[in-house]
Structures are given as C-alpha cells and as structure tokens.
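K.L.:
Starting from the structure of chain A, add chain B where the hints point.
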Amino acid sequence: MKKDRNPPFDRNEDGHDRDGSLDEETLIRRARDGDERAYRELYDAHVDRIYRLVHRMAGEEELARDFTQEAFLRAFRRLDQFRGDAAFSTWLHSVAVSVALNGLRKVDRRRERERGLDDVAPIAVRRSRPEPDLKDRLKAAVDALPDIYRTVFLMHDLEGYKHKEIAAAMDVAVGTSKARLFRAREKLRETLGEAMGEYV
Amino acid sequence: MNANDEPLDEELLRRLKGSYNTPPEVPREEMWAAIRAGLAEDGVETSPEDRVVRLDEHRRARTTPKMPARWGLWVTAAAAAAVLLLGVGLGRMTAPVPQGPVAATGGSEAPAMAERTNPGPMRRAAARHLQGTETFLSLVKSDARSGELSPEVQRLARGLLTQTRLFLDATPEGDPELRRLMEDLELVLAQVVSVEAGSPGTESELNLALDGMDRREVLLRIRSWSGGMAGT
Chain A
1 MKKDRNPPFD RNEDGHDRDG SLDEETLIRR ARDGDERAYR ELYDAHVDRI
51 YRLVHRMAGE EELARDFTQE AFLRAFRRLD QFRGDAAFST WLHSVAVSVA
101 LNGLRKVDRR RERERGLDDV APIAVRRSRP EPDLKDRLKA AVDALPDIYR
151 TVFLMHDLEG YKHKEIAAAM DVAVGTSKAR LFRAREKLRE TLGEAMGEYV
Chain B
1 MNANDEPLDE ELLRRLKGSY NTPPEVPREE MWAAIRAGLA EDGVETSPED
51 RVVRLDEHRR ARTTPKMPAR WGLWVTAAAA AAVLLLGVGL GRMTAPVPQG
101 PVAATGGSEA PAMAERTNPG PMRRAAARHL QGTETFLSLV KSDARSGELS
151 PEVQRLARGL LTQTRLFLDA TPEGDPELRR LMEDLELVLA QVVSVEAGSP
201 GTESELNLAL DGMDRREVLL RIRSWSGGMA GT
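Protein sequences appear in the order of chains A and B.
Residues in the first sequence are numbered consecutively from 1, following the numbering used here.
Residues in the second sequence are numbered consecutively from 1, following the numbering used here.
Because the hints were derived from the structure by calculation, they are not lab data.
Check the hints yourself; a few may be wrong.
Using 27 Å as the maximum straight-line C-alpha spacing, the simulated DSSO-like pairs for lysine-lysine come out as follows [unchecked claim]:
1) B:Lys17 / A:Lys178
2) A:Lys164 / A:Lys187
3) A:Lys135 / B:Lys17
4) B:Lys17 / A:Lys162
Stretch-level coverage of chain B by chain A, calculated; a stretch enters the list once three of its residues show a Cβ under 8 Å from a Cβ in chain A [what the hints assert, rightly or not]:
5) 10-21
6) 210-220
So these bits of chain B aren't anywhere near chain A, every CB distance computed over 10 Å [as the list claims (entries may be wrong)]:
7) Thr135
8) Lys141
9) Glu177
Glycine included, each C-beta is placed from N, C-alpha and C at the ideal position.
Here chain A stands alone, though its shape is the one from the complex (with noise of 0.2 Å):
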C-alpha cells in the first residue's frame, strides 16, 4: 500500500508516527475495524484539499460542504474496496471529483428547469444588464468550459495539481490530462481574446 505522509523510518513497530500519530496503512485498518478516531485522523489529513478543489468546482459554499461529506462518507463506506495499489488520497480525489461532478450536472439539470420557467416571464418585465466587469467575464470564461476541460483547469492551474494526479482523479491517461488542459487553455485564450488584452 502507498503512504501519502510518513516514510516507514519515521514510524515506530505499532503503526505510529514519531510525532504519535498513526500512519495511513494502520490508520485504514483501525477505520475498516470501525475505530472513529481512525476515520478522524484520516479526515483531518484530507479534508482542506478535497474541500478547496470541491469548492474550486462547484462555486458554492453549501454544495461544497454537501460534496465533500458526501465524498468522504461514500470513501469510508468502500473502505473494503481500497485495494491500496493507489494512495489513499488519489483514491479519496477520485471519489470526491466523481461526487463533485455527478452532484453538478443535477445542480445544472434543476436550474436549467427552473431558468425554462423564468423565460415565459413577459419580456416587458426584463431589465437591461449592465456590461459585466473583468473579473465577471473571467469567471463566465472558465464556467463555460465543459465540464471535463474544467476540472483539469482548475485542478492544474489553479490548486496546482499535477497531471498524474488528476489522470488518476479522473480515471484517463495522462495523455487525456494533457490533451483536456491544452483544449481549456485553447478555449480560455478563444473567449478571453479582448480581455486577456486588458490584463497583459
């Protein structure tokens, strides 16, 4: 099994740390035998990541919170599943980006709903938007991407992931990481054209 933290130097025989914190291996076992304090530690060791790149994805503190429980809770219920030929946090990313992006598309499929319903409103009633700002067409730029080109963006550009990493989050080759990073950026630089301009 791959560690995420400690090398095996830095633990004693019984599973912990020299700081007297247990290493992951030990740290799965205990929470597979149902040790709350197990499933604690692995939680503190993962949560800010999982949470900033879930909110990073859904933009929402609310959908945040419900994806990033939803996705340790679903991790911890298929512990048995966790063979351990991934690290745990590559396995752990897995299912948080998978929640995060199934929860998304149902998000999407509500308000598109609920925007059908908007549209019957007279046309009388609707009021001219005002030209939106910068930081305003940057944001609709990057929410526009389809949703598989935005999160290698997001996971590579903004939080600094490295393509291994999301080709394992995302279950595709390397290569694919690649490839839907050069296709975000293409269409990023496509839409931003003018504004790019006025940040350069």
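P.N.:
Only chain B this time, still in chain A's reference frame:
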C-alpha cells in the same frame, strides 16, 4: 511548442486564483458532524461503548454454545441506542445546566436532583457510557483471571478513557456524585491502559487496578447510579 501548451498569462492566472470560486475557511467541524451522523446511520459502530458490546457479544458467543434470542436482541438494541444517545448527548453536553428556581430552593445537590428527575441528553449519554464501562470492566476481570490482557481490551480501555475524560469535563459542578464516579473510573481505566500487555507483570498490574476498583466500589456505584437513572 503550441501556444496552448504554455500556461495562461501569469497575471491572469493570479487573478483567477484569487477570484474564481475562491475557497473560504474549511467548515471542518460542521462537515465532520454530518459525516459522523452518516456513519452512525449506516450502523458503523464508532463509539468505544459499542465496541465493548460487540466484544462482549463475541466472547459470549464463543463461550456459550447458544445465546438466548432475547439477549441477542438486547445487545442489538443497546448498540443502536448507544449510537443515538451518544450522538445526541455528546453534541449537546456543552449546554449549560438549567439554573433558576430549582437551584435557588436547595443546596448543592439541587441541580443534580433536578437533572435526575428529568435527565437531559448528557446524563442519558453518561448512563449509557457507564453501562458500557461496567461491561468492559467485567471483561477486564475475565482477562485478569487468565493473567493476560488482550490487545482489543486495551484498545477499548483507551477509547473509554478518552470518553470518560470528555464526560468529566462536561459534568456540571452541581453533580458531585457523577463527577466522583467519573474520576474514579478515569483512574481505573488509566491503570488498565498503562498495563504492559504480555509482560511478566501483567497479571499483578491488572489485579492492582482491579483491587483499586473494588476498594472504591466503582462497579457498585455505577449500578446504583444507573439504577437511579432507570427509575426516573
């Protein structure tokens, strides 16, 4: 190299990092509470008391050829109740003890009496904890007779010691009986935790802890306190 292989402009990326769905502070405890509740709903036994029940059940099944159906049901019900009571109780145990007319009419025992006649979630959780600990201590006695301390029993002792300290912190000053009981329990559990399993002195260390427990009549007081709660 194609232009799209290159990162976006540095300034643009900096602005995006700072403005695009920027994560706020992680609501760590709030999310953990929801995850913990989800695990409990699934029947994941996450409290030391539940694991005591499970170990006790396992040992009984091993030593008793046929467990009476009623006992099996009781164990299942107790495990389910523990999840509920501890979840609710621990979540609320920081709530202040109601003061006012009751406290004003009596001495220092008055708040405890008021709680006893109308036990709050914290006292119900404490009762469940004490019952679990009572079962656990009989497991320790059984280990002491064999002169060995199983690793699982020692692990449970650590969990129960942590829980006992939590209850000790949460027990109001106006409830001296429960406070003294938790203090004595803490001492016994700390002694069990410190026993060096597998060493030549295991048996004598265990017996020392159990002698102290008998001297302080810990089991008797747990039963008496729990009996008082059951009678309300």
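K.L.:
Next, verify each hint and record whether it holds.
P.N.:
Okay, the hints, checked on the actual structure:
1. B:Lys17 / A:Lys178: Holds, at about 20 Å.
2. A:Lys164 / A:Lys187: Since the Cα atoms of Lys164 of chain A and Lys187 of chain A sit roughly 23 Å apart, the hinted pair holds (cutoff 27 Å).
3. A:Lys135 / B:Lys17: 11 Å, holds
4. B:Lys17 / A:Lys162: OK: Lys17 of chain B and Lys162 of chain A at ~17 Å, within 27 Å.
5. 10-21: Three-residue rule met by the segment 10-21 of chain B, so holds; n is 9.
6. 210-220: Per the Cβ count (0), the hint is violated.
7. Thr135: Thr135 of chain B is indeed farther than 10 Å from all Cβ atoms of chain A, at 17 Å.
8. Lys141: 24 Å, holds
9. Glu177: 29 Å, holds
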